[in-house]
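Turn these sequences into a full structure, and let the hints steer you where they fit.
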Amino acid sequence: MPRRTAKKTAAAKPTAETVVEQIQTEAKQIYNKILRKRTPSLKFPVRSLSNVIYQPRKGYFQIKGKKKERTLTVGTVKTFAQTLRMMAFSKELVETDDIATKREAYYVSKNWEETRFNEQPESDAVMEDVEALFRVNREQLGFIPEEKGGDVAGQLTVIDHDRETGEELRIDCTRFGSGAYSIPISVEGLGFETGAEFILAIETAGMFQRLVKHAYWRTANCILVSLGGVPTRACRRFIRRLADDQKLLVYVFVDGDPYGYSNIYRTLKVGSGNAAHLNEFFCVPQARFLGVTPYDITEYDLPTHPLKAVDVKRAKDALKNDPFVRHHTQWQEALQLQIKMGVRVEQQALAKHGLNYVIDEYLPQKMANREAFLP
Amino acid sequence: MRESAAMTSKKAKPRRRATAQSMAAKQRDISVSEFFTKNRHLLGFDSPTKALLTSIKEAVDNSLDACEEAGILPDLDVEIQEVGENRYRVIVTDNGPGIVKSQIPRIFGKLLYGSKFHRLRQSRGQQGIGISAAGMYGQLTTAKPIVIESRVSRRKPAHRYELVIDTLRNKPVIKRELEVEWEAAHGTRVEIEMEAVYKRGRHGVETYLRQTALANPHVEVRFLAPGEEEPLISARSSNDLPEEAMEIKPHPYGVEVGLLMRMLKESKARRLRSFFQAEFSRVGPTLATRIVEGAELQVQTSPRRVSTEAAERLVQSIRQTRIPSPPTDCLSPIGADRILASLEQQIDAELFVAVTRSPTVYRGNPFQVEVGLAYGGNLPVDDLITLYRFANRVPLLYQQGACAIHRSTLSTNWKSYGLQQGRGALPSGPMLLMAHVASVWVPFTSESKEAVAGYDEIIRELKLALQEVGRKLAQHIRKDRRRQDAARKRAYIEQYIPHIGIALKDILDLSGAQESKVVDTLSDTLSRSRKM
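Protein chains in written order, with the working numbering: chain S, -11 to 363; chain Y, 84 to 615.
Just so you know, not all the hints are guaranteed correct.
[To be verified] Dumping the calculated DSSO-like pairs for lysine-lysine here, alpha-carbon to alpha-carbon at most 27 Å:
| hint | chain 1 | residue 1 | chain 2 | residue 2 |
| --- | --- | --- | --- | --- |
| 1 | Y | LYS109 | Y | LYS121 |
| 2 | Y | LYS588 | S | LYS66 |
| 3 | S | LYS31 | Y | LYS588 |
| 4 | Y | LYS572 | Y | LYS555 |
| 5 | Y | LYS121 | S | LYS31 |
| 6 | Y | LYS109 | S | LYS90 |
| 7 | S | LYS98 | Y | LYS572 |
| 8 | S | LYS21 | S | LYS46 |
| 9 | S | LYS354 | S | LYS235 |
| 10 | S | LYS31 | Y | LYS572 |
| 11 | S | LYS21 | Y | LYS572 |
| 12 | S | LYS25 | Y | LYS555 |
| 13 | S | LYS16 | S | LYS46 |
| 14 | S | LYS98 | Y | LYS555 |
Hints in this document: simulated from the structure, not taken from any laboratory.
Have a look at this one:
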């Protein structure tokens, strides 16, 4: 097995110090405007699909220039104050090298008297605004998500360091037995060694379990990653860094429904509208869609469920508004076919032909014809 | 009727109860005084509380009318003394011209005696019932005489009379008569003892006197309530007497057959044409001829010879003739300026508005409407508004629901002027409204003069005046709302701005002084901005 040593990828992101500087620059500008008796404003990039453009060459959704301006008026004074307090809190976190989960940040705001948040979604939104304002990842602001990053098993050694001693830790992902390596929240410092041929990203934990149990990674010489639904930023970043670093191909295996196509696969590959300012770092342009495709339904004679109204809407939305789908006629055809068939199919439907049909027949057949993978 | 009578007669012949002769034996004059004793409610003496108020009202009306006619700025002293359980002595003293000795008994001791009934002129009293009725009420409930003291000039002594009314014959009976000391050069003092109940509140004497002062800014009233040491003083807010009201002749449009017949019989005119010219306002020779000929009568006919049937034709003819409106200089409104001054002196409010409409005519009677409004300040916010009604400057305290002023106020849409108003109710809000109807003959719904009758013309004028003050009110309320919005805005801003200060201080390591400068400057900038 060819082993390649990890090179440290230089993260094209501001360092901790410049984050503080950025916060201070913005605050200074507000401060000066106030003293000049002008109403200050903050300009946030609009975070939605309408403000991204698909760059096929770069391979991700790039943010367009659209910005929303939050001018300090009577109506916005509360949110404005909250945004500033969130910035102050972030500065404090970065300076003291501490972190706060989104929920912890929400609880910290309970000390802010009138500007406290009533519900966590409010504080999350303000946090995402601040993140977009400085075009940084929230981890750089000291905020971390609650959810874990995803599971990894297979032909991979992750190189991490002991928090206290700095000693190098080599984590062999083949040696977790029926368990798996858990992707940490921050993946920037990790190094990789692998002889694997590709990465297989899997939507459901159930399918991941089956492939781990039967050591599919050994048979196919690959790395298995469990996405657990829509992949977290850490998971996306992990796959991206690993694939870049080790020049690996990435195949995605999800349920055959619009959610699997657009929310999971598309987000993993090119990013999302909501984190448009970060897609550059959180996309995996080398990803290809293995299945389950609408074509598989007839090809493999799979049991289905009717599409729900929300699925149909999602598919139609994607056809109309998703720049990625609009760029790829293959995806348009696939989605239109799915709408026409009116059904969806789950990964585990393959079990109809026998529990290990997926390992013995489906995946090998798919892998034999990689050219047919959807873009 | 006849048939049914016939049918009953078949059953049993009804026994004859009385004959025309026996009935004739019982038929005789009803003395007005006797009529009063049985119908005192018609004159406002139906309850002990109301009787007290009505008595004072009648005395005050007379005093003010007399003072104004004589060109004297009225000073009134009203005193109520408690002399026993449910027994009070009412004393009203004025600085008026006084009453000639010989007239005193008839004015106070005979009902329907006075100077005002026979002329068309704006005055408070009209029929000459009031004060003698009060005296009679006192006499009926306490058997005490009414006591009058009066002096007409420095050169003459003051006289004191103690009178009772012979209720059967409607005649004064003088119990005592003597000369007394009187400090001032002229004036009159009336004292009546009566069974009564003294109450404060909406229908109380104090309310009545306050309202009197409001509508009569040239009057000074001192009121000594029972058990009080010091009198309550309503000082005058104007030193000008109201314009003297001119006396006018009736206008033909206000005349009905009965009245016309009486005028025809009583007139000194020898011919119908001169009768119309002499007895009516706005009728010259041409119009007089047109009226008479329109009734197919001769202009030379003697007025005394006109039959009832011909009189009816004359009334018809009058209706069909275009006659100019009566002169309106006979009216003496309070005046918008004086209403304003009066309201400002008596009411603690923010906004004062007053309107005096031009005079106009109902049924040949000139009348004029005025409305004053006070809003905000100390007036109660959650209650219905206070409505003060006046007729010829006299406050109307009872029968609000029957009054044209009340009805006009209800049917005005106050919601569009920024007040709340329930269906069929007065609006609510911190407002006091006063409306005044002045006329040579105010049409009251009853002899107790408590409510103005709802002639279309009067209601229309009232509504126009109310709408006029309403529009001013709406302007004010809008401005007020804007001010309140600004205050709310400021309070809202001031909740959050300190946090912008805190955040900037944390981020930029500001000093305390810099932080408060940020907060102050920003508060100022934001509260100036119009954006919400």
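Structure-based check of each hint:
In summary, the hint linking LYS109/Y to LYS121/Y is supported, as the alpha carbons are separated by about 18 Å, within the 27 Å threshold. Using a Cα cut-off of 27 Å, the hinted pair LYS588/Y and LYS66/S holds, with the two alpha carbons roughly 17 Å apart. Distance restraint check for LYS31/S and LYS588/Y: the Cα-Cα separation of roughly 21 Å lies within the 27 Å cut-off, and the hinted pair is therefore satisfied. At roughly 26 Å between alpha-carbon atoms, LYS572/Y and LYS555/Y fall within 27 Å of each other, so this suggested pair holds.
Pair hint LYS121/Y plus LYS31/S does not hold up; C-alpha atoms about 89 Å apart against a cutoff of 27 Å. Note on LYS109/Y and LYS90/S: the hinted pairing is violated, with a Cα-Cα distance of about 106 Å set against a maximum of 27 Å. Only pairs whose Cα atoms come within 27 Å are accepted, and LYS98/S paired with LYS572/Y is accepted, the gap being roughly 24 Å. A hinted pair counts as satisfied when its Cα atoms are at most 27 Å apart, and LYS21/S with LYS46/S does not qualify at roughly 38 Å.
A C-alpha spacing of about 21 Å is found between LYS354/S and LYS235/S, which places the hinted pair at or below 27 Å, so the restraint holds. As the CA atoms of LYS31/S and LYS572/Y are separated by approximately 24 Å, the hinted pair is consistent with the 27 Å bound. Simply put, LYS21/S and LYS572/Y have alpha-carbon atoms about 21 Å apart, close enough for the 27 Å limit, and the pair holds. A C-alpha spacing of about 37 Å is found between LYS25/S and LYS555/Y, which places the hinted pair above 27 Å, so the restraint is violated.
The suggested pairing of LYS16/S with LYS46/S is violated, with an alpha-carbon distance near 35 Å, which exceeds 27 Å. For a cut-off of 27 Å, the pair hint linking LYS98/S to LYS555/Y is broken: about 49 Å separates their Cα positions.
Consistency note: the structure conflicts with the earlier hints numbered 5, 6, 8, 12, 13, 14.
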